[in-house]
Every structure is written in structure tokens, then in C-alpha cells.
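Colleague: Here my numbering is used: position 386 in the sequence shown is 386, and no number is missing along the way.
Hints in this document: simulated from the structure, not taken from any laboratory. Hints may be right or wrong, so weigh each one.
Derived EDC-like pairs: lysine to aspartate or glutamate, alpha-carbon spacing no greater than 16 Å straight-line [what the hints assert, rightly or not]:
1) Lys345 <-> Glu298
2) Lys345 <-> Asp376
3) Lys345 <-> Asp315
4) Lys345 <-> Glu450
5) Lys452 <-> Asp338
6) Lys452 <-> Asp315
7) Lys452 <-> Asp376
8) Lys452 <-> Glu340
9) Lys452 <-> Asp377
All values reported here derive from a predicted model rather than from experimental measurement.
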Amino acid sequence: MTRRIGALGLRHRIVIGFALVALLVSAVFAVSTYALARGYLLDQRERVVQHQALADAGFVQRRLETAGADVSAVLTAAGMPAGHTVVLKWQDQWYASALDQGRDAVPAALRAETAEGRAAVQRVRTADGPVIVVGVPLPAVGGEFYEIAPLDELDAILRLLSTILIGGAALAAAAGAALGAWASRSVVTPLNRVAVAAATIAGGELDTRLPPTEDPELATIVASFNSMVQTLQQRIERDARLAADVSHELRSPLTTLVGSVDLLAARRDELPPRSQQLLDLISADLDRFRRLLDDLLELARSDAGLDLRPEARVDLGELLRYVLHEVGDPALVSGVDDVEVLGDKARLSRLFRNLFENAERHGGGLTAVLVSRSGDDVLVEVDDAGSGIPAEERERVFERFATGPTRRGSSSGTGLGLALVAETAAAHGGAVWCTSSPAGGARFVVRLPEAKR
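Work out the full structure, taking the sequences as your base and the hints as a guide.
Modeller: Laid out in C-alpha cells, this is it:
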């Protein structure tokens with residue numbers, strides 16, 4: 001039960017808490033009120049019946065003192081209230097004012113106490129309902145007088161009272177739940193605003209702020225949140241400017257180096273064998289450095305929120321074949337062909353190029369690219385011919401600069417390609433994960449939302 005309540009949201013817990021407190025308070029009030037009212041009404045009823053029985057007993061005793069008194073006539077003349085019954089013991093004989101009453105209508109304990117000369121009263125529940133039985137000794141005539149008074153009317157009043165109190169408790173619980181709903185709304189609404197603002201900021205709208213509030217308790221939270229976002233925005237803007245500066249400072253000398261190496265490569269045949277080997281090493285390192293710089297700048301722009309996804313329709317099959325034409329064999333693409341997604345064509349091209357190059361460099365070669373639909377999404381499965389990736393490493397491969405067992409085969413990669421794949425897929429509302437292909441190699445699955453027709 002605790003786990004179920006704990007699984008409820010804050011608003012539901014507040015409503016349930018208010019309702020339970022209201023129900024508990026109203027239940028305590030109802031039980032207390034019923035107990036006090038019942039005790040008071042029963043005591044009052046007992047006193048009234050006792051006074052009536054003493055008066056009736058005195059009348060009967062005086063009549064029985066008359067010689068030749070007729071018991072039936074005496075009981076009739078007593079004039080008891082409606083519903084009351086009299087049972088009389090006189091001269092070892094039992095008499096009653098009603099045919100269905102007699103000695104057995106009087107509890108044995110009450111008869112014994114009355115026989116000892118003491119007046120007594122007892123409440124009894126019979127087949128016809130609750131009654132009060134009053135016993136009065138008649139010492140002057142050697143008899144015992146018992147008057148039986150029904151409690152049907154009082155019992156009906158108590159039942160009505162209990163119904164009213166139960167209804168009141170239910171209404172109080174409902175009112176408590178309504179009050180809890182109002183209170184929870186006032187508590188949760190500011191939290192929802194914070195959540196919406198945080199989600200908006202996470203989506204790249206860094207100028208989002210919470211509106212000011214007059215609530216002194218929430219004002220501190222709002223001010224702290226807005227200050228945090230302001231600081232975050234300034235830091236991201238500084239990082240973006242740094243990325244632009246680094247791009248400018250590094251690309252110029254890199255372009256010069258690449259141009260110089262290209263000139264040497266054009267006259268490679270004129271160089272001695274050792275110089276040719278050095279030229280090949282320099283060319284490979286420059287190519288790796290260029291790709292590393294491009295990846296770093298891409299990640300920097302992504303972190304700074306500068307790579308916002310335009311809403312352009314992209315033919316996924318055509319895009320995959322175009323990228324494979326540069327990296328591998330376009331014939332490797334199979335599956336559905338008439339598929340379009342929304343996104344940045346250049347960034348999506350880079351995503352799949354990184355996956356294909358990863359398969360070529362670290363997975364023993366690209367073997368298949370399968371396109372399929374899954375609900376409202378498109379799945380692109382990229383298989384390689386390698387030995388696969390252990391299950392415990394399949395999440396780490398998408399981390400930046402993943403090293404060690406995560407990097408398979410050649411070490412010529414930058415360590416950022418798969419990280420860019422994951423971030424680009426997420427920026428387009430999709431995801432990427434790694435599993436095993438039927439042939440035993442690695443399979444990278446990219447999920448992207450399909451563009452609505």
C-alpha cells in the first residue's frame with residue numbers, strides 16, 4: 001500500500017492527504033457526538049420511565065390494598081402510556097397487561113434484585129426491539145411491579161442521527177479533497193512552470209525566463225532559477241565565441257598545412273622512399289586532425305545550441321545512397337524506399353557518414369544498411385563485419401573520446417564520431433543504440449521520426 005501511494009503524483013498525494021485528514025476529524029467528531037447523544041438520550045429516557053414506573057407502581061399498590069381488588073381491573077385502571085406493558089407478581093401469581101407478556105419478559109437478574117426489595121432498571125434487546133424494564137417492589141402487598149417501555153422511537157432517532165453523521169463525514173471528506181485539489185494546484189502549478197521552462201531551455205531557447213511572482217516563498221526560487229539560466233546562457237555564449245575563435249585560428253594554419261602536403265603529394269614520385277613514407281604519415285595525421293577539428297567544432301556548436309534543426313523534408317533513401325556512394329557501396333541499402341524525415345540534410349549526412357566510416361574503420365567493413373518503419377518512426381540498421389561489441393560497452397561507445405575496449409580495431413578515429421551520431425539523432429527527436437547483428441557483428445540502429453505526408 002505504501003508503495004502504491006508513493007507511486008502517485010504530488011497532486012494526488014496532497015488531495016488524498018487532505019481527504020483523509022478531513023475524514024479522520026469528521027469521523028472522530030461523528031463518533032463522539034453519537035456517543036454523547038446516545039448516552040444523554042438513554043439516560044433521559046431511563047429517568048422518565050423510572051418516574052412513570054414508580055408512579056404506576058404506587059397506584060397499583062394502593063388499589064391492591066383494597067379488599068377484593070380485581071388485578072385485571074387494577075392494571076387497566078393504571079392508565080400506562082401507549083406501548084408500555086405491566087407485569088405484576090402478586091400472591092405468587094404473575095399477571096400482565098398484555099397477553100403476549102409474562103414472567104419471561106422480565107430478565108432473571110432484574111427479578112432477583114427486585115425480589116430483594118430494591119428498585120432496579122435494565123435495558124434489554126428483544127425480538128421486537130430494545131426496551132427498558134423497571135422493577136419496583138411492592139412491600140405493602142408483598143408483590144413486585146415491572147413496567148416495560150419500548151425504545152423504538154429512541155432507536156429510530158439514533159439511527160437517523162448516525163445516518164446524518166456518516167453523511168456529514170462523507171461530505172467533510174469530499175470538502176477536504178476539494179480543498180486538497182485547490183491547494184495542490186497552487187503548489188504544483190509553479191513546479192509545472194519550472195518544468196516547462198526547463199524543457200524549453202533544454203530545447204535551445206536560452207532566453208526563456210520564469211515570470212516574476214508576488215509570492216515571497218516562490219520569489220526566491222524564481223530569482224534563483226532565472227539567475228542560473230542567465231549564468232548558463234552567458235557561459236554557453238562564451239563557449240560559442242571560443243568555438244568560433246578556435247575555428248578561425250586553427251583552420252587557417254590547417255589549410256596552409258593541407259595545401260603544402262597536397263603540393264608535396266603531387267610530386268610524391270620525385271621523393272625518396274623514406275620521404276614518401278613520412279609524407280604518407282603526415283597526410284594521414286593531417287586528415288585525422290582535420291576530422292577531429294570538424295567534430296570538435298560540431299560538438300561545440302551543438303553544446304552552444306547553435307545547430308538548430310530546420311524543418312526540411314529529407315528523402316532518407318536518397319540521402320543514404322548519396323553518403324554510401326562516398327564511403328561504400330550504395331547497393332548495400334535495402335528495405336522501404338519512400339521514406340522522408342524532417343531535419344538538416346547536412347547534419348543527417350554527417351550522422352550516417354560517421355556510422356558508415358565507423359563500420360569501415362573499426363568493424364571490419366560495412367555489410368548492410370536496412371531501412372524500415374516502426375509506427376511513426378523510421379529505423380535505419382547499420383551492420384558491420386566485426387566481432388560485435390560487448391553488452392557492457394554498448395552505451396560507452398557513444399561517449400566522447402571513448403577509449404580502451406570501446407574502440408575496436410584501428411585507432412585512426414577521433415573518438416567523437418559516435419558521440420556526434422547520438423547528439424544529432426537526439427537533436428532530430430530520435431535516438432541511436434547498439435546491438436548485435438544476426439551475423440555476429442555490431443548493429444547500430446538509428447530511430448528518426450517520419451515526416452507526415
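Colleague: Hey, lysine 345 versus aspartate 376, does the alpha-carbon distance stay inside 16 Å?
Modeller: Violated: lysine 345 and aspartate 376 sit about 20 Å apart, past 16 Å.
Colleague: With the threshold set at 16 Å, check whether the alpha-carbon distance from lysine 452 to glutamate 340 stays at or below it.
Modeller: holds (8 Å)
Colleague: Taking 16 Å as the top limit, are the C-alpha atoms of lysine 345 and glutamate 298 close enough?
Modeller: Between lysine 345 and glutamate 298 the Cα gap is close to 15 Å, so the pair holds against 16 Å.
Colleague: Decide if the proposed pair is consistent with the structure: lysine 452 and aspartate 315, CA atoms, cutoff 16 Å inclusive.
Modeller: holds (12 Å)
Colleague: Decide if the proposed pair is consistent with the structure: lysine 452 and aspartate 377, CA atoms, cutoff 16 Å inclusive.
Modeller: holds (10 Å)
Colleague: Going straight from one Cα to the other, do lysine 345 and aspartate 315 come out at no more than 16 Å?
Modeller: Measuring from Cα to Cα gives roughly 9 Å; hence the hint holds.
Colleague: Given the proposed pairing of lysine 452 with aspartate 376, does the C-alpha separation stay at or below 16 Å?
Modeller: holds (9 Å)
Colleague: For the pair supplied as a hint, lysine 452 and aspartate 338, is the alpha-carbon distance within the 16 Å limit?
Modeller: Within the cut-off at roughly 12 Å; holds.
Colleague: Is the straight-line distance between the alpha-carbon of lysine 345 and that of glutamate 450 16 Å or less?
Modeller: Status holds; Cα separation ~14 Å.
Checked against the numbered hints listed earlier, the structure breaks hint 2 alone; every other hint is satisfied.
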